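> Chains as they are written, first to last, in the numbering used here: chain A, 3 to 319; chain B, 3 to 319; chain C, 3 to 319; chain D, 3 to 319; chain E, 3 to 319.
Derived from the structure by calculation, the hints contain no laboratory data.
Treat each hint with caution, since some may be false.
You can't tell identical chains apart in this list, so a pair holds if it fits in one copy or across any two.
Below, simulated DSS-like cross-link-like pairs (lysine-lysine); rule was C-alpha separation at most 30 Å, straight line [what the hints assert, rightly or not]:
| no. | residue 1 | residue 2 |
| --- | --- | --- |
| 1 | K127 | K86 |
| 2 | K51 | K86 |
| 3 | K218 | K19 |
| 4 | K127 | K51 |
| 5 | K19 | K127 |
| 6 | K190 | K19 |
| 7 | K127 | K281 |
| 8 | K281 | K51 |
| 9 | K86 | K19 |
| 10 | K190 | K218 |
| 11 | K51 | K190 |
| 12 | K218 | K51 |
| 13 | K190 | K86 |
| 14 | K51 | K19 |
These numbers come from a predicted model, not from an experiment.
Spelled out, the chains give:
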Amino acid sequence: MIVRDRPSGLRLFFVLKGSILSRIWIVLLVNIVLAILVTIFHGDLFSIKITLTAIPFTLLGLPLAIFLGFRNNAAYDRYWEARKLWGQLLADARTMARQCAHLIQAPNPPATPSGSNDDPTDRPKRMILKTIAFAHALKHQLRGTQADTDLDGLLSASERTRFADHPTPTVFLLDELGADLGQCIREKRIDPCLAANIDTTLSGMVSVAAGCERIKNTPIPFSYTLLLHRTAYLYCFLLPFGLVDSIGFMTPFVVAVVAYTFFGLDALGDEIEEPFGLKDNDLPLDALSRTIEYNLRTAQGERNLPAPPLPEHYCLM
Amino acid sequence: MIVRDRPSGLRLFFVLKGSILSRIWIVLLVNIVLAILVTIFHGDLFSIKITLTAIPFTLLGLPLAIFLGFRNNAAYDRYWEARKLWGQLLADARTMARQCAHLIQAPNPPATPSGSNDDPTDRPKRMILKTIAFAHALKHQLRGTQADTDLDGLLSASERTRFADHPTPTVFLLDELGADLGQCIREKRIDPCLAANIDTTLSGMVSVAAGCERIKNTPIPFSYTLLLHRTAYLYCFLLPFGLVDSIGFMTPFVVAVVAYTFFGLDALGDEIEEPFGLKDNDLPLDALSRTIEYNLRTAQGERNLPAPPLPEHYCLM
Amino acid sequence: MIVRDRPSGLRLFFVLKGSILSRIWIVLLVNIVLAILVTIFHGDLFSIKITLTAIPFTLLGLPLAIFLGFRNNAAYDRYWEARKLWGQLLADARTMARQCAHLIQAPNPPATPSGSNDDPTDRPKRMILKTIAFAHALKHQLRGTQADTDLDGLLSASERTRFADHPTPTVFLLDELGADLGQCIREKRIDPCLAANIDTTLSGMVSVAAGCERIKNTPIPFSYTLLLHRTAYLYCFLLPFGLVDSIGFMTPFVVAVVAYTFFGLDALGDEIEEPFGLKDNDLPLDALSRTIEYNLRTAQGERNLPAPPLPEHYCLM
Amino acid sequence: MIVRDRPSGLRLFFVLKGSILSRIWIVLLVNIVLAILVTIFHGDLFSIKITLTAIPFTLLGLPLAIFLGFRNNAAYDRYWEARKLWGQLLADARTMARQCAHLIQAPNPPATPSGSNDDPTDRPKRMILKTIAFAHALKHQLRGTQADTDLDGLLSASERTRFADHPTPTVFLLDELGADLGQCIREKRIDPCLAANIDTTLSGMVSVAAGCERIKNTPIPFSYTLLLHRTAYLYCFLLPFGLVDSIGFMTPFVVAVVAYTFFGLDALGDEIEEPFGLKDNDLPLDALSRTIEYNLRTAQGERNLPAPPLPEHYCLM
Amino acid sequence: MIVRDRPSGLRLFFVLKGSILSRIWIVLLVNIVLAILVTIFHGDLFSIKITLTAIPFTLLGLPLAIFLGFRNNAAYDRYWEARKLWGQLLADARTMARQCAHLIQAPNPPATPSGSNDDPTDRPKRMILKTIAFAHALKHQLRGTQADTDLDGLLSASERTRFADHPTPTVFLLDELGADLGQCIREKRIDPCLAANIDTTLSGMVSVAAGCERIKNTPIPFSYTLLLHRTAYLYCFLLPFGLVDSIGFMTPFVVAVVAYTFFGLDALGDEIEEPFGLKDNDLPLDALSRTIEYNLRTAQGERNLPAPPLPEHYCLM
């Protein structure tokens, strides 16, 4: 995610980081060169005058506006829904931590601290650590990366082995949390009515994961994208022929501006349509999952933790 | 669902799989041939000059834009809501599996493993299998197909018979799950407060089924579709007469581009408006229900399962 | 609701059932006759040349597009929300049936089957029948019709008398269901935590009824409708004067097409804005309430029921 | 709220009640007079020809369309959300009545009817009356009026005194309902699980009140309204200069039509943006709160109540 | 937030407070000066005639309309969602106060009033004060200011110290409220089913905080803003060249009007996109949090409190 203030005045035109220009400069250049050639040859192609005026572009503007507007809104909706899901995950994780810490009673009789991983006294704390692990695991699942050092100190050795073996680690972690909760109920450390609330929180985390998988796995129908790309390309590459008779030597300049906005809007849609990647405008999943870790660890009294990451070169990952 | 990367450059124009062209080429061809004839005869029809200019098309563009934009958004909303419902089903199924596995206690006194289908020890496991069967049954109900081998190993023989006899199998399965839950409550294997949460999960699955039936059974009002088709056809078939005087021999080309976008948008809307079918852009219900099966079986410790299906020829069913 | 496949090719132009033409042919005819007269007299009215060009219509197109687009979306949103509410009612009814059948225990000690209407053993079944009655009663309330034979076999004689006496029968039925639930709680046949879930289902049915009443009783503000009608009528009736100078004898044809889309869109909005009526494009409340009856009766083991109604002349009521 | 059928044919143009004309006729008249003057002087102002054509109005149409469309949608969304909140209040009130009547048990041992206001036997009934009072109090809070005779018979004398003293009476009533519920719990007349459902209903009523206050206290940002008004006024008052050269003596007529739609849309937005007032198009809060009273009183067996109010002069308040 | 009535007539054009003019007058002035120069030199730049007509601006209007409309809607949606979240916070706080006051029983045996901060009798009251503190803390977190005197009388000395030490004070307060609730459960002062409802209210407050953080930390993707600014600036600065040939000396005036609307819309979007600041059109967080304090204190019987703040110079902070 690009994090920078809006530049003002002329500097507006010389910002590169955060501009979509780096992704579209080739096709833009080709288009401008074509416009220059058309201007030089007065719209003739192989000695045949291409009799286009502005009218076809007004007509073509109609479906193009529908496509671009639709695609733009759909892509942003996906981006924003993905961000909402992660905001919900932050809320669910905080709720989970609050519920585990205060609603689950100490074991009765007090367990002798065995130091083992199954020490019931520590179960609420281990559940909170697994909640943090869930956020990291979801991030890695969505980005297709490996959860390595992120999980240090969050899972026990045996949990880590099973985590690595499981085909969908996020499902594994929620199942473990469900097992912990069931164990607390059987040990009578929590009233079933309150356990039902924790169970609801877990279901909320399942919904977040399912929602993110939906956005990742179901793109905007490919035929839309194809139809939009084709129309936009045809529009921009034919445009010089339609303009040269009325605005003469200004044709390449106007074509450049129009093509910049159309190709830019198109490329931007490509980028935020899949908001879980590592491109400039994608969501800062790493910062988000680290914020969850930071929040849940401080809530347990830990201090001197590394703060959540800050943007580098105006970019937060 | 078409799953492929966006082609770049010139290849963009030669992609066939995923293009809507295969559905509209006849009407498009007729339109282009008409445009060629109009261009040759300079807009005369039976020796009478058709005095159309671009103005009527600008005026007609207004209602057409409203129709196309509306229909496009409505169709995509249906598609995306259907996908959301299946995402919710995935979440509900995972939640159901977690709840059955960890909130329902073992019978007390332990049941002697009788091997029969009513062995109470296995009831949570059988509930999870019925949840999988529900996903498959919903898929088949929405597609109008028969659930044959999909149900192997999920239902007992007697359940399978009653399943086949029931007019709405999805209702049957949820009713069975409700009966299982009631039985667990009567056997005191689950606290009512927690049973209430499982009951809520079942209600969520009922809502998903009702939502999918709503989308399947209630199309966009037919009069809209008819009004839109008629306007789009009239617009495209009259267009050559309006353009020939100003852009001459480029008329067929421009008509082809405009008609391609209008007919393409229209056909695409037809396709995703009913997202449960078996066309290219429809939802991959088979992959979704198999993912549910895969998730729920692995959560119970099964491994070496067939992975959920992958796209064939860029197409996921 | 019109249920028919999209006609293809030329047949598209000759479909009458489902077309909005039957509702607007008078005003359309008047408009076309005016356009013919204007064409014959070259735009003179009482020997005064009406100096209109296409420009005023481009300017007027702006507010008209805002009005038509807004009204169109608002009307469809009302239609679709109404359908969603009935989908929710279907889900709530199925949930209610499942909960009554499996969460309410048999009376203890078993009641001697007295055959009377207050036989506690039958109470869950009677609650399910009242749920069916609620769906029928809501349909009749929304359509302003009388629930006669629909209620046969659903309510006891005394209930039916009180039903007929009550000013809002849907409120009466939900109150009766609440009383039944309270009775089951007092008889200790259901745990309060589970009863709370049934109570929530009842609240969902209350919300559905309140939502449907909202749509029925609160139309789109009348001033919008008036402003839109006036603008659309002025636009279409002035249009011939603006076109005749540039497109000559094609004027009546173009006016006919434009007026058909504008009046059609307007009339269609009128129809689906109030989706509970008995017009062609209204919601099939009868089919929906019968589906609920069919579902709930089959879930109780009844078979050989009359199937939910099918479309007649492409129309489902 | 205007309640009348859509007039047809010519009568459409002579409807006054429900038309926005009464609010905009002054500015409209000024505009038309200006257009007549411009037409007479051929667009000269103090002997200087104002060289405007239609082009600036096409360009200005773009931001104006964005403003008007945005403002129109935002205002209607506020109106419709306000109506939804009151629909939710109707549902919550019915739910509250059902829950109080059937989930709260008679006191044990039976209280001797003391006739005092604290007679525990009557508490459910008094809670229902307070729910009715809440609906009336919310109406008066939103309209800035005094709840006088509306509360007769709903509150006891001491409650009425405290109601009058409280700075926010709606908060007072919900607090009283919460106290009644707490008292029932302490008297063991309701199981806590069921009391939790009533508490949830109360929270729903709190949300309705907070939602209505939000709409009342937070208008659409003033700068939007200002920017829109200025642009619309400039557009309409400059329009005669741009049209007079091309359409001559028809200028005042076209200006009148365009200005009527723009000013009308603007004034209509002003009206429904604040939907709780007493203007023609505002929400019929009085009818809604009386419907709630009628519903809740009939549900308790009262008959021969005054029916909810009907529209007077096509207007429901 | 600007709170003032809409001015009427000519005064509309002389309102400054609430107008966006103060933020854009520099760039507007530069644009107008350029337009005057272009008009004087008849569109020549360094003796070269810039051959622009209105056509490029019609074409450029298409992407610009998509950008401006999208950005405008997205910014307002953020503003309105932020307001909804604070409305939800108001509702949650009132609910919390009602639940703490009436669902938590007095301690049994009655605690001897020790006067200490841990006096269990006062715990519900202290929980309500912490809820008020949460609203103030959230306001300060979102505005980046320090919660100084706002917290006087709300937190005990030791709580205040820990509050100041905690990296995210809002998380701290909800954790404290969770601990208080857990303590009440352990002391058997509240039934777990009812405690579950209070826990749900706390989760609602967590969601509000997470939603506000989402809006604050995730702006509209920077590339959109950049693309929009560039297109709008190019459009307005090139516009004089396109108009001068057709409308002559009116060019600077028309350019001023068009640029005012485009730059104004752009600047307004900048302002409400981040609704938690201290600019004129931002949300009145201070008034909102003080309303919460006022509501919760009066509900506990306090009177003679300072009323929530009123607008100063038409502006509510």
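> Each of the hints needs a verdict: does it hold here or not?
Hint by hint, here is what the structure shows:
1. K127 with K86: within (27 Å within a copy, 34 Å between copies)
2. K51 with K86: neither (54 Å within a copy, 52 Å between copies)
3. K218 with K19: For K218 and K19, both the intra-copy (26 Å) and inter-copy (22 Å) Cα distances are at most 30 Å.
4. K127 with K51: neither (78 Å within a copy, 75 Å between copies)
5. K19 with K127: neither (42 Å within a copy, 52 Å between copies)
6. K190 with K19: Neither way: K190 and K19 sit 57 Å apart in one copy and 59 Å across, limit 30 Å.
7. K127 with K281: neither (35 Å within a copy, 43 Å between copies)
8. K281 with K51: Answer is neither; intra-copy 44 Å and inter-copy 43 Å both fail.
9. K86 with K19: within (26 Å within a copy, 34 Å between copies)
10. K190 with K218: neither (40 Å within a copy, 42 Å between copies)
11. K51 with K190: Close neither inside one copy (88 Å) nor across copies (88 Å); limit 30 Å.
12. K218 with K51: neither (48 Å within a copy, 52 Å between copies)
13. K190 with K86: Classified as neither; 36 Å inside a copy, 37 Å across copies.
14. K51 with K19: Close neither inside one copy (42 Å) nor across copies (35 Å); limit 30 Å.
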